[in-house]
Amino acid sequence: MSEIENVSRRRFLTGGVIAAGALVLGVRYYGKLLPRDKLPHDTNADHSALHPSVYLGVDPDGTVWIVASRSEMGTTSRTTLPLVVADELDADWKRVKIEQAIGDKRYGDQNTDGSHSIRSFYDAMRDAGATARFMLIQAAAHQWGVPAAECETDLHVVVHRSTKRRAGYGELASAAAKFPVPPKEEVKLKPKSAWRYIGKGEVSYDLEALVTGKAIYGMDARLEGMVYASVERPPVLGGKVKSYDDKEALKVAGVRQTVPIDPFKPPPAFQPLGGIAVIADNTWAAFQGRKKLNIAWDNGPNETYNSDAYKNELRATSHNPCKVVRNIGDADAAFAKANKVYEADYYVPLLAHAAMEPLVALAEFKNGKATLWAPTQNPQAVQDIVSKELGIAKEDVICHVTLLGGGFGRKSKPDYVAEAAVLSKKMGKPVKVVWTREDDIKFDYYNAVASMYMKAAVGANGKPTAWLQRSAFPPIPSIFDVNAVYGDAAHLQQGWTDIPYDLPNLRVENGPAKAHVRIGWLRSVANIYHAFGIQCFTDELAHAAGRDPLDYLLDLIGDPRTIDFKGVEYPNYGASMETYPWETGRLRHVTELVAEKSGWGKRKHAKGTGVGIAAHRSFLTYVATVVEVEVNDQGEVRIPRVDMALDAGLVVNPEATRAQFEGAAVFGTSVVRSGEITATKGVIDQSNFQDYPVARINEVPAQTNVHIVDSDAPPAGVGEPGVPPFIAAFCNAIFAATGKRVRDLPITKLGLS
Amino acid sequence: MIQLKVNGVEQSFGGEPEMPLLWYLRDVLALSGSKFGCGIGLCGACTVHVNGQATRSCVTAMSDAAGKEVTTIEGLDKNGLHPVQKAWMQINVPQCGYCQVGQIMQAAALLDSKKKPTDHEIDEAMSGNICRCGTYQRIRAAIKAAAGKMA
Chain L
1 MSEIENVSRR RFLTGGVIAA GALVLGVRYY GKLLPRDKLP HDTNADHSAL
51 HPSVYLGVDP DGTVWIVASR SEMGTTSRTT LPLVVADELD ADWKRVKIEQ
101 AIGDKRYGDQ NTDGSHSIRS FYDAMRDAGA TARFMLIQAA AHQWGVPAAE
151 CETDLHVVVH RSTKRRAGYG ELASAAAKFP VPPKEEVKLK PKSAWRYIGK
201 GEVSYDLEAL VTGKAIYGMD ARLEGMVYAS VERPPVLGGK VKSYDDKEAL
251 KVAGVRQTVP IDPFKPPPAF QPLGGIAVIA DNTWAAFQGR KKLNIAWDNG
301 PNETYNSDAY KNELRATSHN PCKVVRNIGD ADAAFAKANK VYEADYYVPL
351 LAHAAMEPLV ALAEFKNGKA TLWAPTQNPQ AVQDIVSKEL GIAKEDVICH
401 VTLLGGGFGR KSKPDYVAEA AVLSKKMGKP VKVVWTREDD IKFDYYNAVA
451 SMYMKAAVGA NGKPTAWLQR SAFPPIPSIF DVNAVYGDAA HLQQGWTDIP
501 YDLPNLRVEN GPAKAHVRIG WLRSVANIYH AFGIQCFTDE LAHAAGRDPL
551 DYLLDLIGDP RTIDFKGVEY PNYGASMETY PWETGRLRHV TELVAEKSGW
601 GKRKHAKGTG VGIAAHRSFL TYVATVVEVE VNDQGEVRIP RVDMALDAGL
651 VVNPEATRAQ FEGAAVFGTS VVRSGEITAT KGVIDQSNFQ DYPVARINEV
701 PAQTNVHIVD SDAPPAGVGE PGVPPFIAAF CNAIFAATGK RVRDLPITKL
751 GLS
Chain W
1 MIQLKVNGVE QSFGGEPEMP LLWYLRDVLA LSGSKFGCGI GLCGACTVHV
51 NGQATRSCVT AMSDAAGKEV TTIEGLDKNG LHPVQKAWMQ INVPQCGYCQ
101 VGQIMQAAAL LDSKKKPTDH EIDEAMSGNI CRCGTYQRIR AAIKAAAGKM
151 A
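Quick mapping for you: the protein sequence lines, in order, are chains L and W. So for the first sequence, my numbering puts the first residue at 1; every next one is plus one. So for the second sequence, my numbering puts the first residue at 1; every next one is plus one.
Source of the hints: derived by calculation from the structure; they are not laboratory data. Any given hint could turn out to be false.
Said to hold, decoys possible - Lysine-lysine pairs mimicking DSSO-like chemistry, simulated, CA-CA at most 27 Å apart:
| # | chain 1 | residue 1 | chain 2 | residue 2 |
| --- | --- | --- | --- | --- |
| 1 | L | Lys-566 | L | Lys-463 |
| 2 | L | Lys-94 | W | Lys-5 |
| 3 | L | Lys-94 | W | Lys-78 |
| 4 | L | Lys-97 | W | Lys-86 |
| 5 | L | Lys-200 | W | Lys-86 |
| 6 | W | Lys-86 | L | Lys-597 |
| 7 | W | Lys-144 | L | Lys-200 |
| 8 | L | Lys-514 | L | Lys-749 |
Unchecked claim - Per label pair, the in silico range of CB-to-CB distance:
| # | chain 1 | residue 1 | chain 2 | residue 2 | range |
| --- | --- | --- | --- | --- | --- |
| 9 | L | Asp-308 | W | Gly-80 | 48 to 58 Å |
| 10 | L | Gln-634 | W | Lys-144 | 22 to 32 Å |
| 11 | L | Lys-366 | W | Lys-115 | 29 to 39 Å |
| 12 | L | Lys-366 | W | Thr-118 | 49 to 59 Å |
| 13 | L | Asp-710 | W | Glu-10 | 50 to 60 Å |
The C-beta atom is built at its ideal place from N, Cα and C for all residues, glycine as well.
Could you put together the complete structure from these sequences and hints?
Listed below in structure tokens is the structure:
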């Protein structure tokens with residue numbers, strides 16, 4: 001460690017009584033903060049004696065550096081992916097140090113969304129670890145003058161089988177580095193029987209830091225000489241500042257100046273929204289100064305947007321023929337000759353992310369380069385937008401990734417980081433932009449509001465002979481193309497075109513909807529409303545037929561088969577259909593499993609109580625959920641118990657996976673109980689937790705039991721798949737307990753709380 | 001000048017008396033363990049102890065902290081880990097962790113006043129602290145585990 005590096009670290013984490021501890025943590029969380037003339041992307045792994053991969057290095061003292069290239073927002077991927085490296089390396093986890101990568105394309109995709117960190121990087125992590133292990137064995141064999149085939153590894157050492165000679169990884173690291181990095185074919189991966197960590201898991205590498213307040217989030221980033229900014233943004237999307245008066249704002253103690261930010265040029269994508277920034281000596285002064293701004297706005301065309309009227313428009317759209325995105329047989333002909341037809345409308349409003357850490361970013365623009373510290377899910381997207389906004393090369397944008405105080409998809413969209421960069425350039429000094437909770441709620445990229453029209457003709461035994469489903473929602477591509485109004489394949493696939501039922505006549509449609517707010521990914525995305533529509537309508541049909549909802553659901557899923565998507569644009573979450581086929585047998589299995597574990601049909605339910613079931617595949621993972629509710633005479637809903645069964649293929653970290661599913665039940669509880677963003681004249685009506693409540697400890701499931709299917713199938717997602725079936729099962733349970741059908745979320749509309 | 005004690009250390013503050021304690025702790029003292037979540041006392045991420053009481057520092061003006069003893073997560077246990085922090089690790093509570101400091105401060109205050117809280121008492125004491133990741137089930141288990149240790 002050079003002195004220069006130490007100085008620069010100290011510069012980042014200034015002052016205060018915890019400075020000494022923070023200094024150490026700075027190294028641990030951010031890697032090196034190197035002087036500007038050095039390669040900014042260097043990691044300790046890069047400088048290790050043995051570093052056969054960008055993800056890994058072994059030092060002569062035996063320290064193993066593993067680079068976490070994906071962002072940590074609570075899913076434990078920062079721990080779980082390095083755990084895979086350590087397993088193949090046969091490394092002692094206690095001697096592993098994890099360093100966080102900056103945004104750099106050499107790591108491949110870094111957008112930590114779509115529940116695919118493990119799926120997409122599992123092989124790469126195994127290869128990295130196995131390659132280093134291979135080279136360490138070569139070095140030891142050479143040193144001992146024995147064939148490499150006679151050597152193996154034990155924890156952090158190479159062992160010669162017959163002579164029992166041993167050499168530690170540290171002492172071999174430099175010698176191993178002299179061997180060529182072997183081609184992939186030569187490197188043998190460990191058999192499952194030899195796995196140390198995969199499938200067993202490990203708690204978060206950061207656990208102690210998290211419970212002691214030493215963990216550094218974006219909100220905690222500091223630079224010497226930095227100023228604080230709070231931005232008053234156009235209240236309506238696409239609005240502009242007509243004129244403003246900052247005289248009163250400038251009188252607030254601690255306020256230095258105001259700085260206008262240009263409005264975005266449509267489409268919004270990840271550009272700053274524009275507005276007036278108040279620059280101050282501390283966060284609170286910036287907030288106070290902002291309240292004293294007097295701004296006249298030109299609201300622009302979205303001023304006509306009212307969410308109530310928009311809801312009616314969506315519904316009307318879904319009641320008329322739309323674009324067909326999947327078709328089997330002839331649904332119209334079957335409807336024409338049907339005796340019994342059921343139809344229902346389902347609706348899910350706009351939803352906000354409301355991660356506990358409001359958006360925040362720290363930027364320093366200096367000597368033509370921008371350096372950023374941000375809680376971002378996508379540091380390469382930060383590089384893109386900042387380079388565009390500042391007119392500098394992408395390589396001159398250095399994005400350090402802090403821990404994230406939640407993300408849920410919002411922090412994949414770096415408009416807030418771009419704001420900090422723009423302000424730092426204008427100010428000529430480091431600027432930290434802090435969003436208030438109100439900003440976070442009002443200027444979100446919302447999960448789309450969606451209306452689903454469902455129609456089924458039923459024959460003997462209540463089984464559908466024809467099924468029609470039409471959805472209308474403003475699509476995510478609208479943030480990149482103002483003319484985009486139809487759902488794209490990437491989001492229609494999310495539980496809509498892939499309805500898994502064995503139906504003779506099926507038509508799946510999608511209608512147009514223009515966006516008036518920014519629409520974006522939120523945990524589980526389109527699966528939320530699609531699963532709600534399909535799984536609740538299924539429950540309605542079961543009750544209409546007088547059948548047990550579990551039996552009925554299994555009947556519709558049908559016999560185990562692989563769904564044929566011929567003629568359907570089905571991206572399968574970017575995975576190949578060969579590796580990740582859509583297997584209804586796996587959905588059936590988790591449904592049967594959750595029924596068994598929850599005691600479905602075996603337990604008596606008193607008046608005002610009931611259970612509901614739902615099954616859904618998303619992010620390549622199969623999940624079935626049973627929710628039990630109690631509703632009292634005042635309409636107060638309690639959730640005594642939830643059971644979830646999941647088949648996510650190979651589960652690397654079962655403990656973290658259980659936590660994700662427990663959390664999914666809580667996230668889903670918020671959607672059902674209170675999730676609703678509305679707008680009046682283009683302005684978002686909600687502002688903070690009093691009018692956008694999220695679930696509290698007294699409102700959530702008392703007990704969530706997570707049942708993981710033991711599987712050797714390739715690993716799939718775990719962060720998001722728990723949410724969609726929970727929402728539907730919860731609503732189905734409410735019907736079972738009250739006879740009230742939830743078609744319009746949240747349940748406050750039914751007088752329930 | 002406002003005089004107060006933070007984690008046992010005498011401090012004086014000459015800034016705006018309306019400034020919330022949270023921003024004094026974070027921006028002036030660089031004690032960043034206490035978190036900003038909502039700014040209006042609705043989420044509990046900023047919870048500290050003021051004279052031993054769990055308090056939302058984001059809505060506590062510096063003038064109201066004058067002469068008081070403030071304890072933040074950084075000072076919760078001088079000798080390492082408080083039993084509540086140990087229980088949080090044992091039960092593996094945190095996901096993103098951002099709210100957990102506030103949860104821990106709230107739970108520590110609860111267990112100071114009630115050695116063996118019931119589920120209902122836990123709900124009452126903890127319902128002001130939001131966890132968006134949804135770790136509540138483990139929070140409850142960790143409080144019970146800590147109660148066992150502290151009793």
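Here is how each hint holds up against the structure:
1. Among the hinted pairs, L:Lys-566 with L:Lys-463 is consistent with the structure: their alpha-carbon atoms are about 24 Å apart, no more than 27 Å.
2. Using a Cα cut-off of 27 Å, the hinted pair L:Lys-94 and W:Lys-5 is violated, with the two alpha carbons roughly 38 Å apart.
3. Proposed proximity of L:Lys-94 and W:Lys-78 is supported: the alpha carbons are some 25 Å apart, at most 27 Å.
4. For the hint pairing L:Lys-97 with W:Lys-86, the CA-to-CA distance comes to about 22 Å; that is within 27 Å, so the pair holds.
5. Straight-line distance between C-alpha atoms of L:Lys-200 and W:Lys-86 comes to about 22 Å, which keeps the hinted pair within the 27 Å bound.
6. With a C-alpha separation of about 32 Å, the suggested pairing of W:Lys-86 with L:Lys-597 is violated against the 27 Å cut-off.
7. Between W:Lys-144 and L:Lys-200, the direct Cα distance comes to roughly 26 Å. Compliance with the 27 Å bound is thereby established for this hinted pair.
8. Proposed proximity of L:Lys-514 and L:Lys-749 is supported: the alpha carbons are some 25 Å apart, at most 27 Å.
9. Range check, L:Asp-308 to W:Gly-80: Cβ separation about 56 Å, and the 48 to 58 Å hint holds.
10. The beta-carbon spacing between L:Gln-634 and W:Lys-144, approximately 29 Å, falls within the hinted interval of 22 to 32 Å.
11. Checked against the hint of 29 to 39 Å, the pair L:Lys-366 and W:Lys-115 fails, with Cβ atoms roughly 55 Å apart.
12. Under the hint 49 to 59 Å, the C-beta atoms of L:Lys-366 and W:Thr-118, about 57 Å apart, fit the expected range.
13. At roughly 58 Å, the beta-carbon separation of L:Asp-710 and W:Glu-10 lies within the given 50 to 60 Å, and the hint holds.
The structure does not agree with the numbered hints 2, 6 and 11 stated previously, though it agrees with the rest.
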